[in-house]
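Protein chains in written order, with the working numbering: chain D, 1113 to 1445; chain F, 528 to 763; chain H, 3 to 303.
Bear in mind the hints are in silico, worked out from the structure with no lab data behind them. Keep in mind that the hints are not guaranteed to be accurate.
[Claimed, not checked] Below 20 Å or equal to it, Euclidean Cα-Cα: the simulated EDC-like pairs (lysine to aspartate or glutamate) are:
| no. | chain 1 | residue 1 | chain 2 | residue 2 |
| --- | --- | --- | --- | --- |
| 1 | H | 90 | F | 599 |
| 2 | F | 597 | H | 8 |
| 3 | F | 597 | F | 618 |
| 4 | H | 169 | F | 592 |
| 5 | H | 169 | F | 618 |
| 6 | H | 169 | F | 637 |
| 7 | H | 192 | F | 752 |
| 8 | H | 192 | F | 534 |
| 9 | H | 169 | F | 611 |
| 10 | H | 169 | F | 707 |
In this text the structure is predicted, and so the values were computed from the model without any measurement.
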Amino acid sequence: MHKLIHSNIGRLLFFGALGCLLFLAGNRVDELRVYQGATLAMFVVAISSIILLTGYSGQVSLGHGALLAIGGYSAVLARNYWSLPIWLCFAVAVLATAAAGSVLGTAAARLSGPYLAGTTLALAVGLPSIANQFSFLGGEQGLLFDVGAPPASLGADFSPYKWYFWIASSAALIALWWLQNILRSRYGRTWRAVRGNEVAAELAGIHVGKAKTLAFTLSAGLAGLAGALLAMTIGTVSPSAFPLTLSFSLLTGAVLSGVTTLPGVMIGAVTLVATPEIANAISHRLGDSGAVTSNLPGLLVSALLILVVMLVPNGPVEQLRSIRTRRSVSTSR
Amino acid sequence: MTLIVSELCVDHGAIRAVDHVSLRIEQGQLAAVIGANGAGKTTLLRALSGLTPARSGSATWKGHDLLHSKPEKLVRFGVSHVSEGKSVIPELSVEENLNLGALWRRNAKESEQTRNKIFETFPRLEERAGQLADTLSGGERQMLAIGRALMAKPELLLLDEPSLGLAPLVIAQIFQSIRDLTTQMGLTVVLVEQNALGALEIADVGIVLNLGRIAATDRAQSLIENPQVRAAYLGY
Amino acid sequence: MFTFIDTLLIGLTSGAVYSLMAIALVLVWRSTRVVNFAQAGQALLSTYIGYECMGRFHSFWIALALAMILGAGVSALIEMLFMRTLFKRNTGPIAGVAPIIATLGLLGIIRGGIGIFMGGKETIIRPPLSNVGFTISGHTFALSPFKLVILSAVLIMMILLSLIFTKTNIGLALRASAYAPEIARLAGVKVDAIRTLGWAIAGAAGAAAGMLQTPNGTGALSPDSLEFSLLLVFGFIAAVIGGLESLVGAVIGGLLLGLVLAIVLMYVNATLLFMTAFVLLIVVLLVRPQGIMGKKAGRRA
């Protein structure tokens, strides 16, 4: 089984099976769960984008929300102005964001730690406000995003939410499969070398700047896909759909997933989907005051971020793995 | 007033860097610790000044437990450590580097007297008092590092490879000043050195470390004459 | 012509507040090599503390002093509770950025907490002196007594801190701990305490920024207000323009940023403010990465 997962065809089969499982699950649960499933898939894509960037190439982005915004807006513009078919809109989102990412990445490759962190943070704060500047971006109200009705062949009782879920989970599966492959390729090894020791990587003949820019570009492409998925699930794009708290949430998700372990990505995504639910339950008990309802989710996410960084900095998956290794070492002694 | 180390073990990750080391250095003695790369010399010194936590064993000096105190506290007990590789702060001026060593004493007058004494020993430092330490040569940096340690008026001085990366002529100078300072100020000195012969020539006693364990300990002169030590560490 | 002079005056005062924020960031950077993104949150918290104090003591100045003292306390507490643990543990893939991520989490907690407890209330801080400009020969200039206070507060703070850093023993200990913590410890400096002190001074500077910024704007205080996002981002950009190491650089960076933004605001468009600042940041980072006051060494953290 283990060997199978680690071969190329095995991975394809694995993801295919996962897709079938999701398809069956999607038919059995109620609308709300299906909608949450779509959100979950969106978070999986967004978090794996950060994992690729931070975990594998060692660059930090505190402002991934900005990249999601670029993706969301490009998908909507492609749909509304050129009336492209929906899958092409997603492709446009990926390409446009990757292009923006390559520009940013060129600058980012020359920055380290705190400078990159601050720059991306500034972008996350500033970028959404551009929408107010240009009328074709719809200002504060934003633009509607209509992915269209599900194909008639799927039956009359096939709800739009189920359609979102289908699109989002296929996109997530394709993205994960592709990411798995690229991380095992030459590029993946290059990034790990750069993250481990930049100077040593440079001496080994790796063009560090190029490797970092490539990582940033690919990560941006994934973020663009996530942004388009987000726009699809909420049905609109507007500056308020990409607040600073979104960037914080994604970062929390990535840290929870263990930034270097792709398999942990579900932990982060599930947590992010569950947090608003938990916050809702708590604020309901506290009497549903507006201040609590609007601030509690952000507070919970931030508290989680701090706790994870303080207690399990490498994520629960990695923590478990290292405990297991330690045990096996001590028993083999 | 004796430095007593007994059964000291220090781990470096999974590797035992210092392995059941016991030694005794009397007051006023200059002890040279020699050995190959990776013999545990630096780790031993870092454990004695509280920089690296010890695994087990004990080390006491003047009744103070050296292993369970922070370095900033040990300085107040008269233990000064000059760490490996010219431990000066390049962004600060020579004078500031020196003053740093006596900050905790909060006595400007006494500090100035000590500083003047150090300037007598190392006149080069006085000439360059206002310059950034960054502009000093390797030998001058080492003088500054030792000077900074002396500003604390230490009684036990831990020196880690003062000869590292210096020209032979400068090494001889530095070693001579270490010897003079030990005698003049009545210091107890633990000198960790790669340059075994140079160190043993100025030392009272010598300690040979090999793979974390003590391989030999004797009067420095006897070690120089010991054929095994000569073959293994002195290269002739 | 008058419009232009007014633009410059407005730019200088708002720039002065960014300078205070940048000073706070530089102080934390110098003492612990961390960019404290929670600084804006701490400033917000301190300003709320100041607001509460104003209700009790009916004096802006007492409130300012108390906000600065308590802001320093909060900052010191954050360093002791969170940063110390994070610094002691320096392994793992995100070890280098863990403190930065932690400050971001703190920012979220402070904002969310204030939102929950103070969000619904209307909180307004009025300027203690007139914020109506001086009138000279018929034209009312954008320079008011209160704006004059802001400008001089920043200048005094900069000079005072620079003197402390270069002339006093505490300053020497602060610099040594920042440059080479291990050597500083071997020299007998209590590095942990000194770092906490650096954070405390920064907390006071941030509190002053919040207390001066709020009445200089609309006076309304809210956890979601744009003013604090401005402080967060513009403070960082000002600090980077100044080279992140230098107090004088932070002040010049802040004033420069304030001027540029005021000109954009007056002659172009308010919605382009953030993007202008962002472009300025990128240009500085790519063209002169060591900042206007920084030394030549590269920006590797």
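Taking the hints in turn, this is what the structure says about them:
1. As the CA atoms of residue 90 of chain H and residue 599 of chain F are separated by approximately 16 Å, the hinted pair is consistent with the 20 Å bound.
2. Distance check on the hinted pair: residue 597 of chain F and residue 8 of chain H sit about 57 Å apart at the alpha-carbon level, beyond 20 Å; violated.
3. For the hint pairing residue 597 of chain F with residue 618 of chain F, the CA-to-CA distance comes to about 25 Å; that exceeds 20 Å, so the pair is violated.
4. At roughly 36 Å between alpha-carbon atoms, residue 169 of chain H and residue 592 of chain F are farther apart than 20 Å, so this suggested pair is violated.
5. The suggested pairing of residue 169 of chain H with residue 618 of chain F holds, with an alpha-carbon distance near 15 Å, which does not exceed 20 Å.
6. Straight-line distance between C-alpha atoms of residue 169 of chain H and residue 637 of chain F comes to about 19 Å, which keeps the hinted pair within the 20 Å bound.
7. The straight-line distance between the Cα atoms of residue 192 of chain H and residue 752 of chain F is roughly 45 Å, outside the 20 Å bound, and the hint therefore fails.
8. Taken as a hint, the residue 192 of chain H and residue 534 of chain F pair is broken in the structure, with Cα atoms around 30 Å apart against an allowance of 20 Å.
9. Distance hint between residue 169 of chain H and residue 611 of chain F is unfulfilled; the C-alpha atoms sit about 29 Å from each other, more than 20 Å.
10. The straight-line distance between the Cα atoms of residue 169 of chain H and residue 707 of chain F is roughly 34 Å, outside the 20 Å bound, and the hint therefore fails.
This entry does not satisfy hints 2, 3, 4, 7, 8, 9 and 10, going by the numbered hints stated previously.
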